[in-house]
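Protein chains: 2
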Amino acid sequence: MTAADDARAIRSLIEARSDALRRKDVPALSRTGTRDITVYSLAPPLVSAGGLDGVRAWFATWDGPMGYELRDLKLTVGDRAAFSHALAHMTGRRTDGVETDLWFRLTLGFSKRGGGWKITHEHHSTPFAMDGSFRAATDLKP
Amino acid sequence: MTAADDARAIRSLIEARSDALRRKDVPALSRTGTRDITVYSLAPPLVSAGGLDGVRAWFATWDGPMGYELRDLKLTVGDRAAFSHALAHMTGRRTDGVETDLWFRLTLGFSKRGGGWKITHEHHSTPFAMDGSFRAATDLKP
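Respectively, the protein sequence lines represent chains A and B.
In terms of our numbering, the first sequence is numbered consecutively and its last residue is 403.
In terms of our numbering, the second sequence is numbered consecutively and its last residue is 403.
Check the hints yourself; a few may be wrong.
Given that identical chains are not distinguished, each listed pair holds provided it fits within a single copy or across any two copies.
Stated by the list, open to error - Keeping only pairs whose Cα atoms sit at most 20 Å apart, straight-line, the calculated PhoX-like set for lysine-lysine is: (1) 285 / 335; (2) 373 / 285; (3) 379 / 335; (4) 285 / 402; (5) 335 / 373.
Treat the hints as calculated values from the structure; they're not laboratory data.
For clarity, every value in this text was computed on a predicted model and none was experimentally measured.
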């Protein structure tokens, strides 16, 4: 695999992940990551293991499909390790009637295993206000 | 450079970064990253460029040295790209008298440039409460 092949394969993997989220497709999403993935999620705790039960429960809080788009995607690729960072925009209606429209930061870590690329680390976040309120900044736009 | 050499060099770079933070040493900290670094910081905005004026102003809010330790550091290394993730523990007294004792998630992205490794991406965060308060979870412990 050339470096260009690796970059192409990782871009396809990122797009497959976004598409699985849009369709709320748990099996397709699970194929993008490894079993030993380390996830730093928007929600507590500090670290989660990317278990599918949690994803299923979260998908069930969305009424219909989810909007999920990445902006300013930057990819850094090596022979066996790679990482990407981007701003993610998640939109849609929840089952409680609330409209979600959230920009957050997304860093993904990739490893080449058995000749193919997989996601082994995800870090999702918003910053938080430093005015003493400690409120997560969920209303920022790029 | 063998893969073991690369891993050793990156661990040294991470330790040099932590040590520069502890000593509030702006030149030493700036040597660990590239000029085009993309930083997802604890504080807004969504993206910052790692400018040194911001770091200097932030260092000035600490009364004496800062405690800065990493736990559960995991490193994934390729020939030209690498990433790490860890839980960071930042402690110390601020000039306003407040004691900081914060655990957060830290992902670093590395690129090999001119034969040496540099940090090209940093992502720092806490999760936030999903109870409707949107309060950043600044009191979590690993």
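Next item on the list: Would you list, in rising numerical order, the hints stated earlier that this structure does not obey?
Entry: Hint check: 1, 2 and 4 fail, others pass.
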